[in-house]
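**Q** Sequence:
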Amino acid sequence: MMKLLFISPRFSGGIGGHAAMLANKLTEYGYEVKKMEVPHVPIKNLKNPSFALFSTIKGIISKEKFDIVHAFN
8 MMKLLFISPR
18 FSGGIGGHAA
28 MLANKLTEYG
38 YEVKKMEVPH
48 VPIKNLKNPS
58 FALFSTIKGI
68 ISKEKFDIVH
78 AFN
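For what it's worth, our numbering labels the leading residue of the sequence shown as 8, then goes sequentially.
What the hints contain is simulated information worked out from the structure, not anything from laboratory work.
We put the beta carbon where it would ideally sit given N, CA and C, even for glycine.
Check the hints yourself; a few may be wrong.
Claimed, not checked - Straight-line distance between alpha carbons at most 25 Å, and here's what the computed DMTMM-like set of lysine to aspartate or glutamate pairs gives:
| # | residue 1 | residue 2 |
| --- | --- | --- |
| 1 | K65 | E39 |
| 2 | K70 | E39 |
| 3 | K32 | E71 |
Claimed, not checked - DEER-style ranges, computed between Cβ atoms:
| # | residue 1 | residue 2 | range |
| --- | --- | --- | --- |
| 4 | G21 | T63 | 28 to 34 Å |
| 5 | G66 | G20 | 26 to 32 Å |
| 6 | Y36 | G66 | 26 to 32 Å |
| 7 | E71 | N31 | 17 to 23 Å |
| 8 | E71 | M28 | 21 to 27 Å |
| 9 | T34 | K72 | 16 to 22 Å |
| 10 | F73 | I22 | 18 to 24 Å |
| 11 | K65 | Y36 | 24 to 30 Å |
Turn these sequences into a full structure, and let the hints guide you.
**A** So this is what it looks like as C-alpha cells:
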C-alpha cells in the first residue's frame with residue numbers, strides 16, 4: 008500500500024476541497040493518505056519561495072515515511 012501526504016490550503020472549497028475529495032477517493036482505493044492543512048501565508052520579496060517551503064516540508068517528512076508528497080497551491 009502506498010502512503011501519500013497531501014499538503015493543501017486550509018479552505019473548504021477550491022483547491023483545499025479538491026485535495027480533500029481526492030484524498031477520500033484514493034483512500035477508498037486502498038491508499039493511505041495523510042492530509043495536512045496549512046494556513047495561507049503571503050510571501051513577499053522572497054526570490055525563491057520553493058526553497059523556503061522545501062525546508063518546512065523536509066522537516067515534516069523526516070518524521071514519517073511517505074511514498075508521495077503532493078503540495079497543492
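**Q** May I ask which of the numbered hints given earlier this structure violates, with the numbers listed in increasing order?
**A** 4
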